[in-house]
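Undergrad: In order, the protein sequence lines correspond to chains A and B. The numbering used here applies: residue 2 is where the first sequence begins, and numbers increase by one. The numbering used here applies: residue 551 is where the second sequence begins, and numbers increase by one.
Keep in mind that a hint or two might mislead.
[Claimed, not checked] With a straight-line Cα cutoff of 30 Å, these simulated DSS-like cross-link-like pairs (lysine-lysine) come out:
#, chain 1, residue 1, chain 2, residue 2
1, A, K79, A, K168
2, B, K643, B, K756
3, B, K873, A, K470
4, A, K470, B, K785
5, B, K785, B, K756
6, B, K851, A, K79
7, A, K231, B, K851
8, B, K785, A, K228
9, B, K711, A, K116
10, A, K276, A, K194
11, A, K168, B, K881
12, A, K235, B, K873
13, B, K881, A, K79
14, A, K279, A, K168
15, B, K711, B, K643
16, A, K442, A, K467
17, B, K711, A, K22
18, A, K467, B, K851
19, A, K235, A, K470
20, A, K279, B, K851
21, B, K851, A, K280
22, A, K116, B, K756
23, A, K116, B, K785
24, A, K168, A, K228
25, B, K768, A, K22
26, A, K228, A, K176
27, B, K783, A, K22
28, B, K711, A, K467
29, A, K116, B, K643
30, A, K176, B, K881
31, B, K851, A, K276
32, A, K22, B, K881
33, B, K873, A, K22
Bear in mind the hints are in silico, worked out from the structure with no lab data behind them. In this text, all values refer to a predicted model and were calculated from it rather than measured experimentally.
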Amino acid sequence: MQVLGFKEATSSEVFGEGNYKLVPWISWDDWNLVRESLFSSSPASIDLALQRISAWRSRGCVPVIIEVTASIVETQQKDSYFRDGQSGSDLLAENMLTMLYCMTIMRLVNGIVEKTRKKNEISIGEAADVIGIPRMLIDIRHECSHRDLPSLRLVRLASRKALDWLKDYYWEPQKMAIPYPGDQTANFGKEIKSKIRELAFSLDVKQATPSDSPVIKRKRSKKHINKALKNVLKLYSSFPLEVVSILLEFLLKAQESADVANSSQLDDWKPLIIKWSKKEPDMLLSLLGEVVHMIETREALKNESGEELKPEHKSGFPRTEHLSYLFKWLVGNLKDLKPSRRKVATTETVNSPKVKSLPKSTIIHLLGKCLTVSSLGNNHHLASAASVLAQMTGNHTLVQKLNKLASLHASNTNTVSEVVDIYPDSFYNHEEMFIKQSAQKLEHLKQKLSHKSGTEETKRRWSVVKSWKACPIGMLPCDVGSLGVVPVLDIVNEEEEEEEKKSCGKREADCPLVVLDDSNVKKVKCCGEEDGLFGLMIGGLWKSVTEDEVMNIASAVRILV
Amino acid sequence: MESLRLHTLKKNPKRDPVVQFRLPADRRLCVLFFHKTLTLKDTNMAIASSLMEVEECEAMDIYIPEEWSEAADVIACSGGQTQTLTAFICGPKNSGKSTFARHLLQVLLHRHKRVAYLDSDVGQPEFTPPGCLSLTVLDRETIDMRIQPERCFFFGDISSKRDPEIYLTYIYALYDHYIKQYCQLPSASPSNSGVPLIINTSGWVKGIGYDVLVDMLKHIDPSHVVNICISAKSKNLPSGAFWSQDGDAGAITLIEINSARQDSLNRSVLVHKDSPHLRDLSIVTYFRQCFPSDMNMRSVKEIAQALAAHPPYEVSMSAVNIKHLHCEVPKAEIFYSLNASIVGLAVDPEGSEHLPRCVGLGIVRGIDTLRRVLYIITPVPQNVLEDVDVLLQGFIQIPTCLLQVHGCVSPYMASNVLPGI
Chain A
2 MQVLGFKEAT SSEVFGEGNY KLVPWISWDD WNLVRESLFS SSPASIDLAL
52 QRISAWRSRG CVPVIIEVTA SIVETQQKDS YFRDGQSGSD LLAENMLTML
102 YCMTIMRLVN GIVEKTRKKN EISIGEAADV IGIPRMLIDI RHECSHRDLP
152 SLRLVRLASR KALDWLKDYY WEPQKMAIPY PGDQTANFGK EIKSKIRELA
202 FSLDVKQATP SDSPVIKRKR SKKHINKALK NVLKLYSSFP LEVVSILLEF
252 LLKAQESADV ANSSQLDDWK PLIIKWSKKE PDMLLSLLGE VVHMIETREA
302 LKNESGEELK PEHKSGFPRT EHLSYLFKWL VGNLKDLKPS RRKVATTETV
352 NSPKVKSLPK STIIHLLGKC LTVSSLGNNH HLASAASVLA QMTGNHTLVQ
402 KLNKLASLHA SNTNTVSEVV DIYPDSFYNH EEMFIKQSAQ KLEHLKQKLS
452 HKSGTEETKR RWSVVKSWKA CPIGMLPCDV GSLGVVPVLD IVNEEEEEEE
502 KKSCGKREAD CPLVVLDDSN VKKVKCCGEE DGLFGLMIGG LWKSVTEDEV
552 MNIASAVRIL V
Chain B
551 MESLRLHTLK KNPKRDPVVQ FRLPADRRLC VLFFHKTLTL KDTNMAIASS
601 LMEVEECEAM DIYIPEEWSE AADVIACSGG QTQTLTAFIC GPKNSGKSTF
651 ARHLLQVLLH RHKRVAYLDS DVGQPEFTPP GCLSLTVLDR ETIDMRIQPE
701 RCFFFGDISS KRDPEIYLTY IYALYDHYIK QYCQLPSASP SNSGVPLIIN
751 TSGWVKGIGY DVLVDMLKHI DPSHVVNICI SAKSKNLPSG AFWSQDGDAG
801 AITLIEINSA RQDSLNRSVL VHKDSPHLRD LSIVTYFRQC FPSDMNMRSV
851 KEIAQALAAH PPYEVSMSAV NIKHLHCEVP KAEIFYSLNA SIVGLAVDPE
901 GSEHLPRCVG LGIVRGIDTL RRVLYIITPV PQNVLEDVDV LLQGFIQIPT
951 CLLQVHGCVS PYMASNVLPG I
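Pulled out of the complex, with its shape left as it was, chain A reads as follows (with noise of 0.2 Å):
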């Protein structure tokens, strides 16, 4: 073992940096469904939020007013005044309740006003007046601490006037003070369109100079744009997601403002995105799957009005065409980089390994997006950028594969266009895509099978995971991007599976596609392993396979491709 962490000599240097504070809540918004819940008047609601204060006060690191409101609002719900209607075996006895209700008072007063009152220079009482406790609650302490018992009706009297106050003096302020979302885009919003539109400028300045000009200048336009890359770096690394939409924004009004095939205008932006690139790889992935997520939201949209959105800016969202122009675009742009990358990975051995690393899990990612996404509407912008990333993962099969496929489609579409003309003339392409990922999947799914059979050794409860990346402790890795995602901690209840089967049945029986297809492998969209079943999508239901059900619809799908 090592001596470390010696450097720091006072614990605020290290372990208070900033205003952030341990919270027990995973987001703001899991504080205000719980503030929602527990001043609803729907009992169940309240239950839910008393629930999860009692997971937060497991974590412990409650503040004692969250504590106080639950005790406060639990002990009411099982007071026959506020809860008329119920009876039984719910309710308390009157002296129990009294009990709580003056337990919960005298921790209240004493438990937030010791935190504002410093030392023993002012009393209890005065302390209270300051932030304005009522009056009636310290007397309440007083007199349950060293008198007789008060009455149930003067602590229930006061039990309500104590939510009152607690509301007015955290949860209503506390609301207020919650950085939302879009107040936060609007915020930073125009600092990052400021600085990523100077270090834009500063990089068409440096292009404008021409090669005779003097040498003094070039410096210092080269600094400038280092100043400007080291600012955009910086608001790139705490609010990557904003960053990574404006800059989109940037980009396609570039490119609208051109015409799809003129791209002289997106040209221009390609020193900024390869220098950004260059420092900060991850950037021009989260760009990526940015933009196929785009195109996949709009693509369900047009699916699920079953027609084409008429006028292209009715909904705000910028064409597909232009979004896959734009993809492959940024794709040329990562096949740029990744040269010059491998240059500087064989002189920096230290950190190539990091590096390499990443990307390529995330290519494949981006791939399969890619492919999904391009199955939907004929889009040989998709398809071209597809076969690049293809070829960048260094995966010969892949490329081959995918070249079939391309070839499949110009046939499909000469040969039986007759019948597709009742349906999205893209239909083919999809039902290809299709069963081509149904093969890789199965593919995969046999390899791992016959490394099941191969290695039966005793299987191991704990294990490394072999592919991990950098995210924050609490979070789980992200497979586009730097950032972690928030978990979903709810417990996964099997009723509510099944529901969701049922909800899912019906949105696929409402599309055209799935009467037609009568292959019996609709969809495979992903596949599970536990305890040697197989999970498999097959038209929207999940459904567990054998091996032997895996073996013969892999087969089947061979003769198909």
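Fit chain B to the given chain A structure using the hints.
TA: Leaving out everything else, chain B in the frame of chain A:
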């Protein structure tokens, strides 16, 4: 019935004005070094030289007054044939219990091959991260090796007040384990006989803490009790055999000594220690072991950064039991409670009367409810981990420095919290 009183202080032990003990992480540091060296003087040099490299270097001589060395010698020499040597060290906060215990350990290791150390100071233990109660056996050869406790329980809080009963159960179980392994089987394993035991206690000597201490003393029945006193009399434990009803110490040798550091008026100079900071540091040091020791990581920040990127262990939710030691968590809320918290990794015992044995701590760094797996960071090696089937949750707070890595701030670190709440 012999009561040694060494604190009469007729002669003032020579006191060096430079003597200081102001190191922020004194405990941790000394733990790291004391077993490497044979004398305390060397220890000081080791600490000093290690700190030369870091920015701030304070004077940090560990001062052992004559009174203390005499007491330690008395204990060491009293090697009775009748009873195994058991030294119970108690006293108020910051009186130097751990320092004395370490000194005694050094002295005993000169005479004995191995020495057992029962640590009941659950807030700032010597050989384990906070929240653990452990029995550790040390020998002269354990140089440069990670000391693994012989037996460890996860109490899950930094003070016994949360549950004094279970706290005592753990302590008794550790002591009984020591008796069974090192005192009752002289014929089976002669090497195990004659292993003296040092018991260190927490500084909570008033109220419930006092009751707990008395219960411990009654159960353990040590051969020596060392009561360290400070000048503020009201904070001390009572003098004499406070644990027995008639004030008779019986066969127990009671040694009362003064705290090491006193000013010119014989007042104890107490070191103000930032205990939460020390605890955080201790936890960070523990998780530092996830990485090879030759990896260059000097600051807490670097370790936090590395931990955020460290590939965790993956374990299926169905393979482990999740249990909160001190409160009831609604079933549906388990993961809200568990995410980003520190857990004790324990092995469920076969028999019902046995207690879950703890093999180390882990950080639940992420939960995937869809894949039904937990991601856990721990320095515990995989072969040991394989037996772990219980995750014990307690109130050991995860250090906030691990949650606010640059560019990787945990969702549990919220900004915009109203001030003063």
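Undergrad: Evaluate each hint against the coordinates.
TA: Hint by hint, here is what the structure shows:
Pair hint K79 of chain A plus K168 of chain A holds up; C-alpha atoms about 21 Å apart against a cutoff of 30 Å. This hinted pair checks out: K643 of chain B and K756 of chain B have alpha carbons roughly 11 Å apart, not beyond 30 Å. Our distance criterion of 30 Å between C-alpha atoms is met by K873 of chain B and K470 of chain A, whose separation comes to about 29 Å. For the proposed pair K470 of chain A and K785 of chain B, the alpha carbon gap of about 52 Å is over 30 Å, so the pair is violated.
For the hint linking K785 of chain B to K756 of chain B, the alpha-carbon distance of about 8 Å falls within 30 Å, and the restraint holds. Only pairs whose Cα atoms come within 30 Å are accepted, and K851 of chain B paired with K79 of chain A is rejected, the gap being roughly 48 Å. The straight-line distance between the Cα atoms of K231 of chain A and K851 of chain B is roughly 22 Å, inside the 30 Å bound, and the hint therefore holds. Restraint check for K785 of chain B and K228 of chain A: the C-alpha separation of about 60 Å exceeds 30 Å, so the hint is violated.
For the hint linking K711 of chain B to K116 of chain A, the alpha-carbon distance of about 22 Å falls within 30 Å, and the restraint holds. Between the alpha carbons of K276 of chain A and K194 of chain A the distance comes to roughly 17 Å, so the proposed pair stays at or under 30 Å and holds. For the hint pairing K168 of chain A with K881 of chain B, the CA-to-CA distance comes to about 29 Å; that is within 30 Å, so the pair holds. A threshold of 30 Å between alpha carbons decides the hint, and for K235 of chain A with K873 of chain B the separation of about 42 Å lies outside it, so the pair is violated.
Restraint check for K881 of chain B and K79 of chain A: satisfied, since their Cα atoms lie roughly 21 Å apart, inside the 30 Å limit. About 50 Å separates the Cα atoms of K279 of chain A and K168 of chain A, which puts this hinted pair outside 30 Å; it is violated. With a C-alpha separation of about 16 Å, the suggested pair K711 of chain B and K643 of chain B falls inside the 30 Å cut-off, and the hint holds. Taken as a hint, the K442 of chain A and K467 of chain A pair is honoured in the structure, with Cα atoms around 19 Å apart against an allowance of 30 Å.
Pair hint K711 of chain B plus K22 of chain A holds up; C-alpha atoms about 26 Å apart against a cutoff of 30 Å. Annotation: proposed proximity of K467 of chain A to K851 of chain B holds, straight-line Cα distance about 25 Å (limit 30 Å). The hinted pair formed by K235 of chain A and K470 of chain A meets the criterion: a straight-line CA distance of about 20 Å does not exceed 30 Å. This hinted pair checks out: K279 of chain A and K851 of chain B have alpha carbons roughly 25 Å apart, not beyond 30 Å.
The straight-line distance between the Cα atoms of K851 of chain B and K280 of chain A is roughly 22 Å, inside the 30 Å bound, and the hint therefore holds. Our distance criterion of 30 Å between C-alpha atoms is met by K116 of chain A and K756 of chain B, whose separation comes to about 25 Å. For the proposed pair K116 of chain A and K785 of chain B, the alpha carbon gap of about 26 Å is at most 30 Å, so the pair holds. Taken as a hint, the K168 of chain A and K228 of chain A pair is broken in the structure, with Cα atoms around 47 Å apart against an allowance of 30 Å.
For the proposed pair K768 of chain B and K22 of chain A, the alpha carbon gap of about 44 Å is over 30 Å, so the pair is violated. At roughly 38 Å between alpha-carbon atoms, K228 of chain A and K176 of chain A are farther apart than 30 Å, so this suggested pair is violated. With a C-alpha separation of about 39 Å, the suggested pairing of K783 of chain B with K22 of chain A is violated against the 30 Å cut-off. A hinted pair counts as satisfied when its Cα atoms are at most 30 Å apart, and K711 of chain B with K467 of chain A does not qualify at roughly 42 Å.
Restraint check for K116 of chain A and K643 of chain B: satisfied, since their Cα atoms lie roughly 25 Å apart, inside the 30 Å limit. With a CA separation close to 28 Å, the supplied pair K176 of chain A and K881 of chain B stays within the 30 Å bound. Simply put, K851 of chain B and K276 of chain A have alpha-carbon atoms about 28 Å apart, close enough for the 30 Å limit, and the pair holds. At roughly 27 Å between alpha-carbon atoms, K22 of chain A and K881 of chain B fall within 30 Å of each other, so this suggested pair holds.
A distance of roughly 26 Å separates the Cα atoms of K873 of chain B and K22 of chain A; the hinted pair therefore holds under the 30 Å criterion.
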